[in-house]
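Visitor: Residues per chain, in single letters:
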Amino acid sequence: MSRMRYRMRNMRWLAALAAVLFPVTVFAEWGLNLPPPSSSVAARILDLHNAIMLVCLVIFIVVFGVMFYSLYAHRKSRGHEAHQFSHNSKLEVVWTVIPFLILVGMAIPSTATLLYMEDTTESELTVKITGYQWKWHYEYLEHDIGFFSNLSTPRAQIENREPKGEHYLLEVDNAVILPANRKIRFLLTSNDVIHAWWIPKFGVKKDAIPGYINEFWTNVDSPGTYRGQCAELCGKDHGFMPIVAEVLSPEEFDAWVESQQPKQVAAVMTDAVASTAEEPAAADSNREWSMDELMEHGKTVYFQCVACHGVEGQGVPPTFPPLTGSEITTGPLDAHIDIVMNGKPNTTMAPFKLQLSDADIAAVITYERNALGNSVGDLVQPSEIAARR
Amino acid sequence: MSAAHTDAHDHHHDHRPSGIMRWLTTTNHKDIGTMYLIFSLTMFFVGGIMALAIRAELFQPGLQVVNPELFNSLTTMHALIMIFGAIMPGFVGFANWLIPMMIGAPDMALPRMNNWSFWILPFAFAMLLGSLFTVGGGPASGWTLYAPLSVQGGAGVDMTILSIHMMGISSVLGAINIVVTIMNMRAPGMDLMKMPLFVWTWLITAFLLIAAMPVLAGAVTMLLTDRHFGTAFFDPAGGGDPVLFQHIFWFFGHPEVYILILPAFGIVSQIVPTFSRKPLFGYDSMVFATAGIAFLSFIVWAHHMFTVGMPLAGELFFMYATMLIAVPTGVKVFNWVATMWRGSITFETPMLFALAVVFLFTIGGLSGLMLAIVPADFQYHDTYFVVAHFHYVLFAGSIMSMMGAAYYWLPKWTGRMYSERLGKTHFWLTTIFFNVTFFPQHFLGLAGMPRRIPDYALEFTEFNVISSIGAFGLGLAQLLFVYIIIQAVRGKNKKATAQVWEGADGLEWTVESPPPYHTFATPPTVK
Amino acid sequence: MTQAAANRKSNTRWIVTLSAAVVLMFGFGYALVPLYDLFCEVTGIGGKPTIAKLQSESPDVAIDTTKQVAIEFTATANNNMPWTIMPLVKKTSVHPGEIHVVNYLVTNTAKTEMVGQAIPSIAPMQAGRHLVKLECFCFDNQVLAAGEARQMPVRFYVDSKLPDEIKTLTLSYSFFETKPSGKEGAG
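Residue numbers (my numbering), protein chains in the order written: chain A, -1 to 387; chain B, -16 to 510; chain C, 8 to 194.
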């Protein structure tokens, strides 16, 4: 197995070498070119990319063919005498006009592709994407469905304490569900700083800008899982906010939409409800939880806080305060519940009542007060959180 | 005659202080040029060490060496230091040494201002580096400092803004000095269209600096007042707009790109004719091409912003304008090749570097052309393809041209030849490791690896490993460069003649090597 | 000496000219701010989230029943602002020239009074100029008491010059907290 992988690695080396020598032909096979397209937009971009690449290569070979011939043939060591010419108007006009014509030739298909990409009309589904530091929120405008999508790679893999999984850093808790073979229009905005939504195989990349609504579209040609990443530097965890799209057949997609409906109607009147948080919510809120249960569940929920407040609760001062020994986590319980539920405006501390269930909030607060170097000893029941909604 | 001339320009040089005071108070263009070059080389290593920290982190997936906050600070600082600390002062250093000698002037026109513009720099960079040690760390929003991300940072961002102001003042003063020198100090008979191309490219660069740097100063000032003084230039809630920052920034940023490359074109245009033993082909078209590139640089800024979401007409305009830059740039490359054509070529180290610049810069230029194509840019934007592109332009273009220039003029400055064998070794190590480092990054970008991430998915591992190995090789090879320079400066090598190179042509080759402290006290006559 | 004096004089002229250019370009950086606003206004890039202003009292043309445009409504609370904003109509279809009113239900879920400013943005951006707001909660700051919920109306029409190829447009609001508050760390 490992020898196999070793050989694979060797072959990649070879492929890289081959690509330098015979570019376009080997590109698509070895991840040396843009990934195989999964939408008509991406397909057109790939064609355009290959065409420009070819033109550039030809120009490159011709120009440097001449240069290297000259370096070889007109060496002093070969006894070549210098010819003292320094002008040739005809030649200079030619090599100004020809590149210009080549550029016009490149501009025409580029313009056509751009016009095609900008045409968002006649879409069959609108999905609104909102970038957050550091997660995505998806909302299906026609269907009243909305949820957050967080990185699901365990911290232990990132910190090299566990072997890395196959989709390391490219996996999320809730993928955005999309139908194949339908024109999907995306609306894109941001909650805080600028992000960019990008799935290479879809051939789309657009910035999510606070205050702006951007739009773009795609049309995925077959069901499957597609992965991408945030492409615009958005702070500390820019490298840890992947994008995963689960593309279903149109029928499966309709069934999925159907299955989401009742749940969402029951949800609070908000455009930001995490779907995971909803399922066991009601039952969990009513029963009495033990300290151990809360602590155990809290540890899992705390995963969502790690990005800013640190695995050990150490934080990243001054932007992200520590939780160990802080006034909030060791002070009055009320204030602690309040900040977790309602957030702190103008900071990355979100109002988590919009994202987490009662049990999640109760557990994470209990965990924060009795772990991370704190030992206040008190606990919060999910029912208390429910009462404060 | 000569006494009168000296009196007018640098009378206090004749009793120059010794030791540290000589360097603190000097107004001699050669001393200041030397200080700029040493400063540039120092910053090249400081920025290089940051690059190696980045490459060490990216050697394997997972977080090993630095945490994400420090990683973002490192990428930000690496860019700021290399652009404002290594490349720009490096070119100013060459300008200081060479422009007076090339146009037959005794010194720069404004020697005292020259001293100030240099001595601002160490303070500016001390402040920038100091920001790393503030609570909250250094600037971490990328060297582009995009709002609103840059509004979030701590005191480190304010220190960065102030240091950018200082760097800006330094380079604007330097630029004014260069323009005045070139316009007023030319020896009799040195018409504008007889000036060496290095002088021409610097004249145009100086105008770009004067036009672009104040705009950057404006942009970061707005950022500063948004952060602390309640303005809302980039805050939508107060009627501002985050995209506006990008427009203002890139209105500076694109001319800045040519500030970083035009002097490199000048250097190549000096070196290639010398070692081809032929005059430069198409001198006039070279000058016009340079001016054309400079003009176009002011109307293409939004090609850095295609994914922001512009109206279609805007995208088309910026795409066409950007593609047009390929025409004058092509003319330059063709002229260099035509200069070599039917010459009598030899391959000393400076020539090797100049050839590598032409070859590798063209790769960067062609990937730049690809980036101009809007639909394709949607795939390339903010990926390692862009990282590869601008390192081909800035490292292979700007930095390697300066290395070539150092070898070319070092014998003139020190009076001693450098070791040709070591020089060639340095060249090959640099060229090979540069390509090992940056060529795979094209593939990483196409495969979908975003830039500015401290950790990556497993499919990107192989190329990152290769790239990191190349980076360490590239870094180590530069120690050899320092050794070669020190060897030449210490004067153990073979003595250099005044002409130094068989095919060298120009006023700086008419004075002895090393040149006297004051050259051309009597203006030479140019035929 | 005269040569040197002439040189010095001409140096001064260059220094003055170039310094003026520097000051001018610094000013130009600032001039880009209003120029950008003007550019957005002229080209009708409604995407720019400036505070929309009342444009005219009533439609300039008769209702054009031959054309139909779908309009979607959405909203975002920015910077984790604890407000929920929900359009009571998600999607509607209008004829150009026809005046419509759509209400947003805005709730302040915080424990304190808050001031919000809505910033409109329209996709596709070419449509920005053609969606005319006669009355909008985005014209002013909105003050909501702790826990208060309020319906906020926007009265608008689509003008007849809307390009034919635009068949769907989206009106989006982002709410920002306006009271300038400290930028200290997250809690």
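Just so you know, not all the hints are guaranteed correct.
[To be verified] Here are the simulated BS3-like pairs of lysine-lysine, each with C-alpha atoms no more than 27 Å apart in a straight line:
1. C:Lys174 / A:Lys181
2. C:Lys140 / C:Lys118
3. A:Lys74 / B:Lys477
4. C:Lys174 / C:Lys97
5. C:Lys98 / C:Lys16
6. C:Lys16 / B:Lys177
7. B:Lys478 / A:Lys88
8. C:Lys118 / C:Lys168
9. C:Lys118 / A:Lys342
10. C:Lys74 / C:Lys174
11. B:Lys177 / A:Lys88
12. C:Lys97 / A:Lys181
13. B:Lys510 / B:Lys407
14. C:Lys74 / A:Lys181
15. A:Lys181 / C:Lys98
16. B:Lys407 / A:Lys74
[Stated by the list, open to error] Negatives, chain C to chain A, calculated, CB over 10 Å:
17. Asn14
18. Lys16
19. Thr24
20. Phe35
Calculated directly from the structure, the hints in this document are not laboratory data.
Note that the Cβ used here is the ideal one computed from N, Cα and C, for glycine as well.
Visitor: For each hint given before, does the structure comply? Return the numbers of the non-compliant ones in rising order.
Guide: Numbers 2, 5, 7, 8 and 13 - these are the hints that the structure violates, sorted from lowest upward.
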